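Asker: My request is simple: use the sequences and hints to build the entire structure.
Sequence order for the protein chains is A and B.
My numbering numbers the first residue of the first sequence as 1 and each following residue consecutively.
My numbering numbers the first residue of the second sequence as 1 and each following residue consecutively.
Hints were generated in silico from the structure; no laboratory data involved.
Here the structure is a predicted model, which is why all the values come from computation and not from measurement.
Please note that the accuracy of each hint is not assured.
[Stated by the list, open to error] To be clear about the criterion: a stretch of chain A counts as covered by chain B if any three or more of its residues have a C-beta under 8 Å from a C-beta of chain B, and this derived list gives those stretches:
no., region
1, 112-118
2, 125-131
3, 144-153
4, 169-179
5, 187-195
[What the hints assert, rightly or not] Chain A residues, not near chain B, derived (Cβ > 10 Å throughout):
no., residue
6, Asp39
7, Asp54
8, Val59
9, Lys220
10, Asn354
By construction, the Cβ of each residue, glycine as well, lies at the ideal position given by its N, Cα and C atoms.
2 protein chains.
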Amino acid sequence: MRILVLGGDGYLGWPTALHLSAAGHDVAIADNFARRGYDEELGATSLVSIAPLDERVRVWQEISNRRITSFVGDLTDAAFTTSLIDEVRPETIVHFAEQRSAPYSMIDQPHAVYTQVNNVVGTLNVLYAIADIDPTIHLVKLGSMGEYGTPNIDIEEGWLEVTHKGRTDTVLYPKRPGSFYHLSKVHDSHNIEFACRAWNLRATDLNQGIVYGQETDLTKLDPALATRFDYDAVFGTVLNRLIVQAVCGHPLTVYGSGHQIRGMLDIRDTVECIRIAAENPAGPGEFRVFNQFTEQFSVLQMAEMIRDAYSGTVHIAQIENPRVEAAEHYYNAVHSRLMDLGLEPHNLSDTLINSLFSITESNKEHVDPGLFDPSVRWKATSSSVGPHPVEATAA
Amino acid sequence: MRILVLGGDGYLGWPTALHLSAAGHDVAIADNFARRGYDEELGATSLVSIAPLDERVRVWQEISNRRITSFVGDLTDAAFTTSLIDEVRPETIVHFAEQRSAPYSMIDQPHAVYTQVNNVVGTLNVLYAIADIDPTIHLVKLGSMGEYGTPNIDIEEGWLEVTHKGRTDTVLYPKRPGSFYHLSKVHDSHNIEFACRAWNLRATDLNQGIVYGQETDLTKLDPALATRFDYDAVFGTVLNRLIVQAVCGHPLTVYGSGHQIRGMLDIRDTVECIRIAAENPAGPGEFRVFNQFTEQFSVLQMAEMIRDAYSGTVHIAQIENPRVEAAEHYYNAVHSRLMDLGLEPHNLSDTLINSLFSITESNKEHVDPGLFDPSVRWKATSSSVGPHPVEATAA
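Answerer: This is the structure:
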């Protein structure tokens, strides 16, 4: 099938493009290189060096004899988005092309506005282009488990049957997230659901958990195919950051109690979930939601697993939580629909953790420990981004 | 109390500013005149001519000896918004300053993007300015009953207690609206609720029904104090449009079955609801929601009431519904919290309808019947705005 991957140069977009290409699909990608730009802005960089997109695509063609076409442009530019989709004429659009960091969105007013405008307008333009060019295109949109927040009831997959005052309806699952980034995805979901209703579009909203890992079978084939490995407090996902801290002999910094529970998944499962969603499209007019994660852990549990798996001495430090989130909460989220469609999860095991240890060891000299500490505080409306000291207390 | 009315030159913003000023409050208003600009764009105009803002303010000062300070600027300009709030230092901000027409938001891609960016970014900037300058400022934000859509369960005031799999939580009421305009207000509500949680702001979200009427006790005092009377299919509210059609001997055009039920309120109640909300502020950190309407009717019931009240012959024509909305649906919305705080509703009566008939009679020569027919179709992604024929079938 012809698949257009928006944000195909990013941490997950690139491995997804490879995975779909290797699965026999005709893959095109588009990117505006915003993610590489955030590195410049924040003075951070991927621990594993990443090749330019041209080189990635060229090396993949040499290795696989399969071609990935690439386009450079910005989805908030409606003319670009429309001409892109008109030229590629995909059957499926996989949409990763959003600013994806909660701390980045909370830096200050310009970053909050940028995040919401970039994400919401980009997605609106994709919806209009699909409706205008070919309403049968299946939109596979990356959302976040963080959209739900931490309700005191079980989290269902996008919809909730409610009985109230003797009457029953199936409603959109109510969401109460914890950052302007997560809110941008809540806004997207509402806009997409309406477009399915008004224009009979078909969409799958993937509420993804926190991704860990850096390698897939395909990114390992050549250094030019590697994807990002972020460990900084703004763009690094929590497990990846804790791994790097362990290898560097730095305390594993856990925000607050560490009892915050989150859904997680292996990067190898992310790419497979996208393939499954693409190959099993939503029906016309259907707004379908999958919760895309495989296991749920508390942050403290993650830190303890890393401490126990690592050969050296590891301390865990509970630091002041820069975010506004519940320290103690109920959490139980349904995640069966992708499994029902055939996902076979890679559970978090010592094997995966050990592979991350070895990736980190071989890039250890590039680690900047100044990037570990949270530089953005939710309670403040303007945070200084960049390394600065944080009070840490040993656990 | 010192109150800043954002959008204070609009249909409801202006009468609200007068009402608050007359109630003894120290009122400032800000506006970017976007609403007057839409008239130019659409070739439509208020049936009752409206004075420039400078004249409105001057005449009000002559009549009342009370001063309303006015500022001109755009809330999407963060520097303007911050300096405005810093200069006025209000205790309450009443926020009407949004693009408020569902059909306008559905004209095409640029109008959808404009509506969402204008409304969401303006509100984000207000939230940041409040958090930075004085987090005790009470934000009174105009939302819409249309945000809820037409669920098959009773509509509560913003929050819903849900029991699910044996556990209970109070969640944000799930919303499923019917236009990109209404979605922009859903996005606002989510952003505001988060700002209350993260920054301890205080907000009242007023989910307002469809407003009818054109006069308050104060706008009647002088022609320069009059507010808008819109009857066109883009900005005219439904009851006002039906009144003008009756007086012009035009069939009252009802979309589809006319069985769509909506919450409604008299413009005199709008201004009083705002006063009540301002004088009874939400607590620190509280995101409070009031459903601001007084009665619910079907569109067909409204048309029949107008037909029965008008002295001349009136036909009702059911035309193809340009919107995507349920033709037959359950509707029962709670609206007790403003009543509990003292609102005494003006119910829709022949008196009000008769006053609208007489306003229309005296401006009858200015009516452009070409503006009655819907020019924007939800099913299309690009509609031609402006008068054009629609198939009508007599009821």
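Asker: Would you mind marking each hint as holding or not holding in the structure?
Answerer: Hints, verified against the model:
1. 112-118: It holds, with 4 qualifying residues against the three required.
2. 125-131: As far as the region 125-131 of chain A goes, the hint holds, because 3 residues have Cβ atoms under 8 Å from chain B.
3. 144-153: holds (count 3)
4. 169-179: holds (count 10)
5. 187-195: holds (count 5)
6. Asp39: holds, 26 Å
7. Asp54: holds, 31 Å
8. Val59: The assertion about Val59(A) holds, with a minimum of 37 Å to chain B.
9. Lys220: Fine: 40 Å to the nearest Cβ keeps Lys220(A) off the interface.
10. Asn354: holds, 38 Å
In summary, this structure violates none of the numbered hints.
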